[in-house]
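Read off the chains here:
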Amino acid sequence: MKIRNLSTLLVSAGLILGLATSASAADDGDKILHLGWGADIQTMDVHKTTDNYAVPLSIFDRLLEVQLNDDGSTELVNSIAKDYEISDDGLTYSFTLRDDVYFSDGTQLTAEDVEATFTRMFTLEDSVQTDFTTCIKGAQAILDGETDTLEGVHVTDDLHFEITLEEPFAGFLSVLATPTCCIMSKANLEEAGDDFGQVPEKTIGSGPYMVTEWIRNDSLTLVRNPKYWGEPASAAEVHYKVYPEAASLNMAFQNGDVDILDCEFLDTAIVESVYETAYADQMVNVNRLGTYYLSLNMGVEPMTDVKVRKAMQMAIDRQSILDSIFGGNGVLVDGIYPAGAIGFSEDNQGWLQYDPEGAKALLAEAGYPDGFDVELSVDSGSSQNRQNIYQIVQQNLQDVGINANIVNYDKSSWLAKRTSGEIPIYTSTWTLDYNDPSNIIDVFFSSAEGSKIRSINYQDQEIMTRVADAKKILDENERLAEYAALEKKIVEEDASWVPLFCLQHKFVVSDKIEKFVPHWAGYGDFNCANVVMK
Amino acid sequence: MKIVLKRLLSMIPVLLGVILLTFILLRVVPGNPVSILLGEHYNQETIERLTSYMNLDKSVLEQFLSYAAGILRGDLGVSYVMKKPVTDLIFQAFPYTVKLALLSAAIAWFIGLGAGIVAALKQNKLADHLFMGFSLAGVSVPIFMTALFLQYVFAFRIKVFPLSSDGSLISLVLPAIALGWNSAGSIARMTRSSLVDVMQADYIDTAKAKGVRHSAVIFGHALKNSLLPVITMMAMQLASMMSGAVITESIFSIPGIGRLATQAVQNRDMPLLQGTILFTTIIVIFGNLIADVLYGIIDPRIRRAV
Amino acid sequence: MQQAKAASEALSSGYQEQALAAGIGEANGPKEKIRKLFKQNKLAVVSAIVIVVIILLAILAPVISPYKEAQQDLTARLHGPSLSHLLGTDELGRDVLTRILYGARVSLVIGIIPSVISLLLGILLGLLSGYFGGWVDYLIMRIADVMLSFPSLLLSMAIMYTLGRYVNSIWCIFAALSLIGWAPVARVIRSQTLSFKETEYVEAARSIGVSRSSVMFRHILPNCTPSLIVLFTLNVPSCILSESTLSFLGIGVQPPAASWGLMVNQSKQFLFTSPWLALAPCLAIMLVVLAFNFLGDGLRDVLDPYLQDA
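Chains as they are written, first to last, in our numbering: chain A, 1 to 534; chain B, 1 to 306; chain C, 1 to 310.
Keep in mind that the hints were calculated from the coordinates and are not lab data. Do not rely on the hints blindly, as some may be mistaken.
To be verified - With a straight-line Cα cutoff of 27 Å, these simulated DSS-like cross-link-like pairs (lysine-lysine) come out:
1) K227(A) - K489(A)
2) K48(A) - K84(B)
3) K411(A) - K125(B)
4) K307(A) - K534(A)
5) K227(A) - K360(A)
6) K411(A) - K159(B)
7) K489(A) - K452(A)
8) K360(A) - K42(C)
9) K31(A) - K534(A)
10) K159(B) - K31(A)
11) K202(A) - K48(A)
12) K534(A) - K452(A)
13) K197(C) - K125(B)
14) K125(B) - K39(C)
15) K6(B) - K197(C)
16) K411(A) - K58(B)
17) K512(A) - K159(B)
18) K122(B) - K210(B)
19) K48(A) - K512(A)
20) K159(B) - K534(A)
21) K224(B) - K122(B)
22) K186(A) - K84(B)
23) K82(A) - K31(A)
24) K39(C) - K122(B)
25) K84(B) - K202(A)
26) K83(B) - K186(A)
27) K452(A) - K58(B)
28) K202(A) - K83(B)
29) K48(A) - K58(B)
30) K48(A) - K83(B)
31) K122(B) - K42(C)
32) K227(A) - K82(A)
33) K512(A) - K31(A)
34) K58(B) - K84(B)
35) K452(A) - K488(A)
Could you build all of it, start to finish, from the sequences and the hints given here?
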């Protein structure tokens, strides 16, 4: 045993001397994009994940895409759908596919593949993408186990198909542009079975890249798809590497090992002191279409009292949280919809001011002149920035006499507690999947059950019904007016959460990057074809 | 041989206990893999469907029996969250851990034995304190600080080593130093104290009196006898290193067993957790067994105690 | 954890066992031993003084520091060392020195309490196991085996997750660290009990009708004291370090309270931009851990009967 280890030592000593110089040798032909992840993905199968979108975005196509323009505006553009028509009743969407779309194994993408994709979304037993796509006719019937064919998708011929909805839904085209609706290959799905999304060579898409290697907890490699119908991506290869420790990722970027650094992994102080100065012209900022909120559980005493909740809204110094934890990189919002998103209403802004004295008065009026005890439930797996919010909130509440106690939970316990509707106060953020007010308000306020599993426990049944019905309104102005009215009622009148702010999502790119366009909603994940290398 | 057989048999209740403990732990720990899988996007219906798909709605006994039946067939199940057979995941991660463990152990032994011997020879002198201080420094600092510091100095400031592991031996040098140095302290202490003990024993005096050279006394007689408890400790350290080092693996991005196991706990990934715990427990038990046998071979006086 | 485990393994092995058995009936009084310690090992004495000073500082924290532990000043974030903040401020503008002083309380308590509990638990189970033998011994030792071979980090994670929702995290840490710590102690005590049980001294006590518990606690236990002291001084630093590992995983002491381990963890991102933040608690940990180790070694040198024999 001893000799063996001695030789290991000698070998490694030799390696240190011999290989140290060759380690940095790079091949200069093809451009390789290096990216860093904080944690490994769990699957490449988008039907089995609700947040590992990076690979699906790069290796699959969607029928439509949302394009982020240089001025920050977004527009819905055709992707593999060449054309579409919507019936007058808003229920039937007729699509024509491009005729030059091929999967990386050489087979053509047809309407059959579209049908197979949507059917699988609902028939797959461990599918988690059964959220906003259930608006397709017959989806619910499959989930209820009544049938296994999807009534709402009808194949006319190879390049034509129709999608019928249960009820009119203005946001449906945006839904089709989400990662959820990546189009998969029917033949591949059947052949691969459980290996789909797990084994690189059995996960076949039509997107700009294909996966060639995936070592769990370590790295993943994408290579340009030679069969891709569109403009070939700039980088010939993309290497993802997992850096579980933020400090290491930080060094890796500065060492040149990583080309795009997602600042969300770092503390804002680092971003400010290191990157905003030395790398000022390499920063890429995008508005995150997501609202930070501080939930107030309406089912937990004494927050059942609207006066108490209003007092808490006034007690939180949102500007100082934004400034000190997030370097002021964002805007305060006073409602539900993210700034810049469809549904965001200027009329509902500006009413909420930091007013600790007013808060104290309201608390006294509600019968709590000496405050009360409440728990702040922290997900210890969330970012340091988010955990720091709790510490300031605790101080703010203390200032008006509310004794808030920080309790840490690990992610899984925290989620379980939230699902059971028991978390009194927590902070989180919801980022849009598709640009429509229903994508955020429905999640929290369209049903008692949905509100409970978010630990908000909103009670007003009439309002919840109106929220659920709003998406059926066909007239766009009328619909947005209804959404604005609902927002005013729920946040301003009922004080069911403390709206905090919308942030910018910052990235730093290395000097090898010519242009980088992040995801339109400000996700950390993006389609690697949107990176242009020098 | 009889002892080894007896020890092997006594492993069985321990393994059963470990399996049972794992099972109980996962039952009492709140949270479930479904919530992890769904993350921010979930609704009641999906939660219920997935719960029944993963058999999490079955009774504890049913789950335990089906798991036990699986083990007998050599099937450790499929990870809930990583969606891959547990055995595949373990065998993919283990080589990384083995490489790191061997290299770390080599470093720990080198620093530990070296410092321990010097310290014993210069007992209570400056050199004693310096060498012991150095070897103990590694274990006195939280290991992530040592690791980050090494990374900063030798991979960031002076780019001698790669920042993160790419599977090559050279990329494992820094993590091995961090981990090895961390384990060197206890070896050094053990070496020092047992060497001091042995050197004061009568037969060493006799050897000295007979005129045997000083270095020969140390290396020929004292060291040989004093190393017995040290070897036991080294074997056990190696075994525990083989069961993974979460922090070192995280900082240097090594996809080893340690990270797999912590992820399994964090995700409530029952099959994966049971698989990794079973695997590492067997390694630790075998490590201890080998240490004991080794001990018996080197020092026959102890055989009865084993 | 590993360190204490390994040390106890070696102590419990036959080699040391014989050594300890040989020292029974040692005549040296405690005063003499301490005198010997002072004479022989200056480092151990310095370590003892360091430990006492740190304990005093921890107790006197509110008197020494003009700031409160959790007092934020969002306008003074990440300031370097200055006259008003001798060790600077952290990411929420809290005074680092103050937090170190208060953190000393938490860290010392986390070091000492679980060590005491696991010592008591280990003594009890070890004595029972060694003295009664048979199925009691078998059961206790197999449970100890399970605890020793079960990955301790995973066990403490599970305990933290489970108890974390009911009680303050510091109690969970006590529970987790004690549950892991008792097994090595029990093994040592068991093997020493086994060897003392057969000595004439204990036989004599038994023959004149001294009760079982009395034999165990008054005749056998005192002979285990040297190794218990060594185990204790090794266990304290190992608990302090284990807590820092738990903090690394985000399940240690809860903010706004601070332990040194948590402070190092929260500041590791700032290691290269605001080094004082991480280095100060890190040096504090190092100082205490080294002090306990050197003291433990020193005590071992004078208390170990085998050494005195020579």
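Cross-check of the supplied hints:
1. A threshold of 27 Å between alpha carbons decides the hint, and for K227(A) with K489(A) the separation of about 52 Å lies outside it, so the pair is violated.
2. Our distance criterion of 27 Å between C-alpha atoms is met by K48(A) and K84(B), whose separation comes to about 13 Å.
3. Taking the CA atoms of K411(A) and K125(B), the gap is near 51 Å; set against the 27 Å cutoff, the hint is violated.
4. For the given pair, K307(A) sits about 58 Å from K534(A) by alpha-carbon distance, which is inconsistent with the 27 Å threshold.
5. A threshold of 27 Å between alpha carbons decides the hint, and for K227(A) with K360(A) the separation of about 65 Å lies outside it, so the pair is violated.
6. With a CA separation close to 36 Å, the supplied pair K411(A) and K159(B) exceeds the 27 Å bound.
7. Annotation: proposed proximity of K489(A) to K452(A) holds, straight-line Cα distance about 19 Å (limit 27 Å).
8. A C-alpha spacing of about 60 Å is found between K360(A) and K42(C), which places the hinted pair above 27 Å, so the restraint is violated.
9. At roughly 8 Å between alpha-carbon atoms, K31(A) and K534(A) fall within 27 Å of each other, so this suggested pair holds.
10. Restraint check for K159(B) and K31(A): the C-alpha separation of about 23 Å stays at or below 27 Å, so the hint holds.
11. Distance check on the hinted pair: K202(A) and K48(A) sit about 16 Å apart at the alpha-carbon level, within 27 Å; holds.
12. Only pairs whose Cα atoms come within 27 Å are accepted, and K534(A) paired with K452(A) is rejected, the gap being roughly 50 Å.
13. Under the criterion of a C-alpha separation no larger than 27 Å, the hint pairing K197(C) with K125(B) is inconsistent with the structure, at around 39 Å.
14. Restraint check for K125(B) and K39(C): satisfied, since their Cα atoms lie roughly 13 Å apart, inside the 27 Å limit.
15. Restraint check: the Cα-Cα separation between K6(B) and K197(C) comes to about 25 Å, which is no more than 27 Å; the hinted pair holds.
16. Among the hinted pairs, K411(A) with K58(B) is consistent with the structure: their alpha-carbon atoms are about 24 Å apart, no more than 27 Å.
17. With a C-alpha separation of about 20 Å, the suggested pair K512(A) and K159(B) falls inside the 27 Å cut-off, and the hint holds.
18. Simply put, K122(B) and K210(B) have alpha-carbon atoms about 23 Å apart, close enough for the 27 Å limit, and the pair holds.
19. Straight-line distance between C-alpha atoms of K48(A) and K512(A) comes to about 34 Å, which puts the hinted pair past the 27 Å bound.
20. Simply put, K159(B) and K534(A) have alpha-carbon atoms about 25 Å apart, close enough for the 27 Å limit, and the pair holds.
21. This hinted pair checks out: K224(B) and K122(B) have alpha carbons roughly 19 Å apart, not beyond 27 Å.
22. Note on K186(A) and K84(B): the hinted pairing holds, with a Cα-Cα distance of about 22 Å set against a maximum of 27 Å.
23. For a cut-off of 27 Å, the pair hint linking K82(A) to K31(A) is broken: about 31 Å separates their Cα positions.
24. This hinted pair checks out: K39(C) and K122(B) have alpha carbons roughly 16 Å apart, not beyond 27 Å.
25. Pair hint K84(B) plus K202(A) holds up; C-alpha atoms about 14 Å apart against a cutoff of 27 Å.
26. Distance hint between K83(B) and K186(A) is fulfilled; the C-alpha atoms sit about 21 Å from each other, no more than 27 Å.
27. With a C-alpha separation of about 25 Å, the suggested pairing of K452(A) with K58(B) holds against the 27 Å cut-off.
28. The straight-line distance between the Cα atoms of K202(A) and K83(B) is roughly 15 Å, inside the 27 Å bound, and the hint therefore holds.
29. Restraint check for K48(A) and K58(B): the C-alpha separation of about 22 Å stays at or below 27 Å, so the hint holds.
30. The hinted pair formed by K48(A) and K83(B) meets the criterion: a straight-line CA distance of about 9 Å does not exceed 27 Å.
31. For a cut-off of 27 Å, the pair hint linking K122(B) to K42(C) stands: about 15 Å separates their Cα positions.
32. For the proposed pair K227(A) and K82(A), the alpha carbon gap of about 18 Å is at most 27 Å, so the pair holds.
33. For the hint pairing K512(A) with K31(A), the CA-to-CA distance comes to about 9 Å; that is within 27 Å, so the pair holds.
34. As the CA atoms of K58(B) and K84(B) are separated by approximately 22 Å, the hinted pair is consistent with the 27 Å bound.
35. For the suggested pair K452(A) and K488(A), the alpha carbons sit about 21 Å apart, so the restraint of at most 27 Å is met.
Going down the numbered hints, you'll see the structure goes against 1, 3, 4, 5, 6, 8, 12, 13, 19 and 23, while the others check out.
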